[in-house]
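> Residues per chain are reported as follows:
Protein chains: 4
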Amino acid sequence: MRGMSTETAPQRLNAEQRAEIDALRAQRAETRRPTVPALEEALYQAMPVLDHGFVRVVDYMGDDAAIVQAARVSYGRGTKQSRQDAGLIRYLMRHAHTTPFEMCEIKLHVKLPIFVARQWIRHRTANVNEYSARYSILDREFYLPEPDRVAAQSAANRQGRGEPLHHAEARGLLDLLREDAERAYDHYEHMLNERQDGAVIDPSRTGLSRELARIGLPLSAYTQWYWKTDLHNLLRFIELRADPHAQYEIRAYAEVIADVVRLWVPLAYDAFADYRAGGARLSAKGLAVVKRLLAGEAVTQEDSGMSRAEWRELMQALGRGEA
Amino acid sequence: MRGMSTETAPQRLNAEQRAEIDALRAQRAETRRPTVPALEEALYQAMPVLDHGFVRVVDYMGDDAAIVQAARVSYGRGTKQSRQDAGLIRYLMRHAHTTPFEMCEIKLHVKLPIFVARQWIRHRTANVNEYSARYSILDREFYLPEPDRVAAQSAANRQGRGEPLHHAEARGLLDLLREDAERAYDHYEHMLNERQDGAVIDPSRTGLSRELARIGLPLSAYTQWYWKTDLHNLLRFIELRADPHAQYEIRAYAEVIADVVRLWVPLAYDAFADYRAGGARLSAKGLAVVKRLLAGEAVTQEDSGMSRAEWRELMQALGRGEA
Amino acid sequence: MRGMSTETAPQRLNAEQRAEIDALRAQRAETRRPTVPALEEALYQAMPVLDHGFVRVVDYMGDDAAIVQAARVSYGRGTKQSRQDAGLIRYLMRHAHTTPFEMCEIKLHVKLPIFVARQWIRHRTANVNEYSARYSILDREFYLPEPDRVAAQSAANRQGRGEPLHHAEARGLLDLLREDAERAYDHYEHMLNERQDGAVIDPSRTGLSRELARIGLPLSAYTQWYWKTDLHNLLRFIELRADPHAQYEIRAYAEVIADVVRLWVPLAYDAFADYRAGGARLSAKGLAVVKRLLAGEAVTQEDSGMSRAEWRELMQALGRGEA
Amino acid sequence: MRGMSTETAPQRLNAEQRAEIDALRAQRAETRRPTVPALEEALYQAMPVLDHGFVRVVDYMGDDAAIVQAARVSYGRGTKQSRQDAGLIRYLMRHAHTTPFEMCEIKLHVKLPIFVARQWIRHRTANVNEYSARYSILDREFYLPEPDRVAAQSAANRQGRGEPLHHAEARGLLDLLREDAERAYDHYEHMLNERQDGAVIDPSRTGLSRELARIGLPLSAYTQWYWKTDLHNLLRFIELRADPHAQYEIRAYAEVIADVVRLWVPLAYDAFADYRAGGARLSAKGLAVVKRLLAGEAVTQEDSGMSRAEWRELMQALGRGEA
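Read top to bottom, the protein sequences are chains A, B, C and D.
Residue numbers 0 to 322, in numbering that gives the first Met the number 0, belong to the letters of the first sequence in order.
Residue numbers 0 to 322, in numbering that gives the first Met the number 0, belong to the letters of the second sequence in order.
Residue numbers 0 to 322, in numbering that gives the first Met the number 0, belong to the letters of the third sequence in order.
Residue numbers 0 to 322, in numbering that gives the first Met the number 0, belong to the letters of the fourth sequence in order.
Mixed in with the good hints, there may be bad ones.
Within a straight-line C-alpha distance of at most 30 Å, the following computed DSSO-like cross-link-like pairs (lysine-lysine) qualify [said to hold, decoys possible]: (1) C:K284 with A:K284; (2) C:K290 with A:K290; (3) D:K290 with B:K290; (4) A:K290 with C:K284; (5) C:K290 with A:K284; (6) D:K284 with B:K284; (7) B:K284 with D:K290; (8) B:K290 with D:K284.
These are calculated hints, taken from the structure and not from any lab test.
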């Protein structure tokens, strides 16, 4: 994955929000708990994602050594030597001993489009507090893709994106999306008869309840939440959502979070990259094919017992193109 | 809650869907498993909710006796006499012995507006398969409230609905919602360059991928899912979502599901109605007030140690109005 | 895995238990729900495991077609043709689309040693009702391994079993285990001052509470529970517990349950056997080694970047012995 | 609940363990995260429970303000004034808005008898790493109750303890438990042919694998684990396990943990004590009785519609004895 952006997206925050974050970052306290200086450095900052979104690390518990400590159920730090710790962490990851990774926890504040939130929430082993549009008024902010992300339905992968559209075509569609979103927000304010700052628009009218007024807003509207999960489930999130089959927009979040994990627990992240995000899962049939190939045998899809799709995926994994 | 509607909402289904349901309902097989004739009768039927939604019971496991059987870890049916079963079920409900209720399971097919789905999904102990708008095209269907459900923000309950708006005002807002939704769907089709039946609109254009085209649709658009959960978690869902503090639209679903539960496990439902949905939770302070009142003492909010809001809620629970 | 035993372990059940089971098996009802005749045939029967344990299927929900139906969020059965269903199920399994498999549910009655129960309960996504030793008296039954299962600590796998002990040695240890267990149960009865049938032993003494008397019983004592889970989590259970790294005693249960799954959802089971239980997971480094080998390169552990343990596991997976 | 013991149970720890804990307590680091000085003071210390057990706080995330911060999805600390925070926390607790409480997390190291561990593990929403008796050798430590905790089966509560036995009787039973436990441990060592320090006992014999040797140990043997959960689920644990219906031995742990929570999040703990641990739940029928009593009506069990057990529980809750 990519180098971590340290841009803090000031333009995404208003003055009050910036001041609140600065106040948090300025405070220091002494603790006996394990700390991760690299993550402390990034704490509370808004890391930009998409056009208006962000990820902020709000709190964390544990570090690489905490994984080792839990695996050993130890009285002390559990650490012997860094090399031994790395070896144990790799062993745990390789053999799917997942519970020690659950002993680290992270809490994020995320701003994200509603359609992304709907995919994200499917990860059930997490704690969530979402901004309530029954209680509060949403921001006038909508996700619009970059023109070169505006693409046709994929032919190969029936649920994803394929080739980008021509820029003129893309621009036309983006204009439609933007105009509809702006109009929906205008009508939202009209129905509420109130602006986000609390100002009443027309004192002679009664505003509509917030829980109803918001139902006309598009799925591209931004929401925000506090989201907290353990490292094992976070790695599972990254594995599924940083995958090329995931929709680009949630992938953008997963990649920023992967960068956070690399800062936080570098040994666990390396083991994850080697054993889970990288590499490949061979089926029983796929493994049989590999053994035959290694024995110098010529194997074809027809005599592999695999379907055409499976065969293609295997050949891709083995770097043999359309072999 | 209300009597169960046996209307099967035929207008909500097209001919093909009706035929599929009829075919399911026509099939019969023999089983050794416990069956609930009243629920069999309702099986697969679409029970209407809101303007375009429905709830269908697709499958179920267990009955009242299965709760008893699990509580007793018995070899046989677990049933002694119906009266003893009722007594045990009431005891389990009263003492929060929740695990025997987890031994019944139900599977529903639900059609619901996206903003309702977003509240519903917060119940994490459930299994969900949602219709994929990355893979398929959504229906041209949007939720619009009945005019007398179009209400102002509540003054008392800061996240709910209060008084209905005047009908003229309501109609105006409904027109806005309808027009915006129709326009958004027109643009959705234009962006896809394809109708739901697969017909290409303009062969000279390339359609936009489905995962992107849908982001302009409003939160009032309908989605659908298979949702499966156990009886304990279902009762928790009903407790929270059939509550007056819940948004009317999800309450409409919770009430239909409560009717289903009453058909399915009448003893468990009665115990739930008595101990969980009915009655009241008294705080330590509230209980002290009740004891003082029963002792003939005059008690005021000021000397109760309770806040004004707590006092008001207590007096309401005790049926003492603004006492 | 092995052929399914249809032995029904009558010697493990007393006359009353057999009669209760026979009564359940004799009952028949008509249902509109999907049924699986092969599983109906096995329903309620006690399938023997270890020396006194069993697994009984008490109820089930869904079948192979229910997986397809949920994946398609369909109004009808979801089935097109059996071959298409198999293809979709294989696709879902291959791409870790796990939610449709959660739409099938099974409920088991299991009798098992307490040390096995302690491993089993770590699978958290399940519903459990265990026989209460606070409320009831446990049976005089203890697990004793077959002599050829009495083995030394493994040298290779630091948490498992290696070579069997000599039979004379094994017999000596089994005698110790048996005598201690019998004595502990005698003392249990003495402390309770009551037999399991309710007969008081010495009317002049007061018995000890059940919750305390049981603390002297060994971990080899048998307990029983109702355990209910969905197919996805059941397959995960089988994957981890039918694995050679699992302790033999829980593996014995996992293998019987695997046989049940094969009866219940044969298409899903085949896909599981091919993609999850069979085959191999290659790390990024392991995949690089395979590519180099396929390109005809000689690769050694030293230049593979892998640890010795990883290299050995890879060579074993590829069937290259100690290469 | 009781005042917090600051005894650190040095006799429960060996010199190496004490040194490891002292080393942890001596370390200090700077952090931007919220800290709770009162909990920092207790961090890593072994708080004694029962005869050989303990609870150690190993790490924590969040404080009272973090609950408020999550409920408000705020950019800053979320804190306005302490009084407002208390009010919001009480409101959230009263209305069962549980998700903000899930935003605090705690990690404990616990040493506990196996029969207590078996009750504890039923709380599924937690992360656990237990000391492995497949991999390591257990300590020679067993729980034996204090003589005045050795009690008969309760007549009123069919799953609990009633009156203590005579001391002579109690001592006799404790001697039996102690002798059996010691003998079982002697045999454990003999079967392993190895002491916990790794010394081989008889070089001419092969030891039994650890996973088998431990099956003869009693349920009173001590195990240990790392256990991590969020505040909402921790309060639920305390609610159920500090309850008089819970077995005394797990209650002893729940009470120590309640003391920890009071140090950690005093506002949340107070709200919990008032609304959840204290007070009473009235059924619909119970509430109707209270209303009639408040109206000056005489009500009897017979005309209350309640069973005798329910009536007795209600009268007890209202402090009306056997009225």
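> For the pair supplied as a hint, C:K290 and A:K284, confirm whether the alpha-carbon distance does not exceed 30 Å.
Satisfied, since the Cα-Cα distance of roughly 18 Å is no more than 30 Å.
> Under the criterion that the straight-line Cα-Cα distance not exceed 30 Å, is the pair C:K284, A:K284 satisfied?
The given pair, whose Cα atoms are some 21 Å apart, holds under the 30 Å limit.
> Run the distance test for D:K290 versus B:K290: straight-line Cα separation, threshold 30 Å.
holds (12 Å)
> Does the structure keep C:K290 and A:K290 at a Cα separation of 30 Å or less?
holds (12 Å)
> With a cut-off of 30 Å on the C-alpha distance, tell me whether A:K290 and C:K284 pass.
holds (18 Å)
> So if I understand the rule, the pair passes when the alpha-carbon distance is 30 Å or less; does B:K284 with D:K290 pass?
holds (18 Å)
> Hint check: B:K290 vs D:K284, CA-CA at most 30 Å. Holds or violated?
holds (18 Å)
> Is the hinted pair D:K284 and B:K284 satisfied, with a Cα-Cα distance of at most 30 Å?
holds (21 Å)
The structure shown violates none of the earlier numbered hints.
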